[in-house]
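Engineer: Sequence:
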Amino acid sequence: MRPLIRELVDTVVAVVGRDASGLTILDVATGPGEPAFSLAKALPGSLVTATDFAPGMVAEAETRAKEQGLEGKLRFAVADGEDLCDFATGSMDVVTCNCAVFMMPHHDRALAEFHRVLKPGGLLVATAWSTVPEQTDIIRVMMGTCLAMDPDAGKAMQAIKKFATNAQFVEVFRTAGFQNVQSRDVNCPAHIPAASIQGAFIDNAMLQQLWERLEAGGRPTVRQEAEEALVRIAAEQGFLQPDGSLTMPTNVAVMVTGRAAGSR
Numbered sequence: 001m002r003p004l005i006r007e008l009v010d011t012v013v014a015v016v017g018r019d020a021s022g023l024t025i026l027d028v029a030t031g032p033g034e035p036a037f038s039l040a041k042a043l044p045g046s047l048v049t050a051t052d053f054a055p056g057m058v059a060e061a062e063t064r065a066k067e068q069g070l071e072g073k074l075r076f077a078v079a080d081g082e083d084l085c086d087f088a089t090g091s092m093d094v095v096t097c098n099c100a101v102f103m104m105p106h107h108d109r110a111l112a113e114f115h116r117v118l119k120p121g122g123l124l125v126a127t128a129w130s131t132v133p134e135q136t137d138i139i140r141v142m143m144g145t146c147l148a149m150d151p152d153a154g155k156a157m158q159a160i161k162k163f164a165t166n167a168q169f170v171e172v173f174r175t176a177g178f179q180n181v182q183s184r185d186v187n188c189p190a191h192i193p194a195a196s197i198q199g200a201f202i203d204n205a206m207l208q209q210l211w212e213r214l215e216a217g218g219r220p221t222v223r224q225e226a227e228e229a230l231v232r233i234a235a236e237q238g239f240l241q242p243d244g245s246l247t248m249p250t251n252v253a254v255m256v257t258g259r260a261a262g263s264r
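Here this note's numbering is used: the first residue of the sequence shown is 1, the next is one more, and so on.
Incorrect hints may appear among the rest.
Distance ranges between label pairs, derived from CB positions [said to hold, decoys possible]:
1. Ala-195 with Val-132: 29 to 35 Å
2. His-191 with Arg-75: 30 to 36 Å
3. Ala-200 with Gln-68: 17 to 23 Å
4. Arg-109 with Glu-134: 29 to 35 Å
5. Pro-242 with Gly-45: 43 to 49 Å
6. Pro-242 with Gly-22: 46 to 52 Å
7. Gln-237 with Pro-3: 19 to 25 Å
8. Gln-168 with Glu-67: 36 to 42 Å
9. Ala-194 with Glu-134: 22 to 28 Å
Rather than coming from a laboratory, the hints here were simulated on the basis of the structure. Every value quoted in this text rests on a predicted model; they were computed, and no experiment measured them. Backbone N, C-alpha and C define an ideal beta-carbon position, used for all residues, glycine too.
Let's have the full structure, built from the sequences with the hints guiding it.
Structural biologist: Here it is in structure tokens:
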């Protein structure tokens, strides 16, 4: 389990209790399945629903769930985090969203929806990468790779800088009506095997529109070029290891917890 996922899951378990059962948990923007999978394993008596805006991601998550023996242990749905219309008001005990709120065009709508579907006093746990460049090795390498492929590619990762400061990110939860809002920094050292570099970086959901645009513009090998550029940039910054893997010691994320208004 990746460090940030582990911290998120441990936070949920610490609040609800490891023996909790019958809880309804909604994971928004699950991507290929996390933290939904880890929550389902940690809280086997709960009903976890994994959602994502992209049908392809949901399909991939379902496939991975079968591979991990989780078939039937959680639900999947295509859902827009800004419009969770398929989920009833006050139907969830817990909502999680890992490193995705900042990617949503209207984060205020998303947070309003998170609040709506939570039961009174329900728990929200969300994360975002730090806004301080020196604290996020992975993001700096990804940004450098984007710019190496296209000098005008800043928009591909502009969402990461949506919040000028970490404190501003935390404040939007209070504005959305969440109570007892707390935050803490979580460092997530990363070691990425050579064989996983493409999956971890080039296949990242944040970059797909950029690659598709460049491919449509006549660069069919742009993903391969990007991986080569990424390895070069990582080497320049001292992250490349002799075996071709990448070791990035500093990747700080902000974890925010809050409660929906009302009492349980």
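Engineer: Hint by hint, say whether it matches the structure.
Structural biologist: Do the hints match the structure? See the list:
no.	hint	verdict
1	Ala-195 with Val-132: 29 to 35 Å	30 Å, holds
2	His-191 with Arg-75: 30 to 36 Å	32 Å, holds
3	Ala-200 with Gln-68: 17 to 23 Å	18 Å, holds
4	Arg-109 with Glu-134: 29 to 35 Å	32 Å, holds
5	Pro-242 with Gly-45: 43 to 49 Å	46 Å, holds
6	Pro-242 with Gly-22: 46 to 52 Å	50 Å, holds
7	Gln-237 with Pro-3: 19 to 25 Å	20 Å, holds
8	Gln-168 with Glu-67: 36 to 42 Å	39 Å, holds
9	Ala-194 with Glu-134: 22 to 28 Å	26 Å, holds
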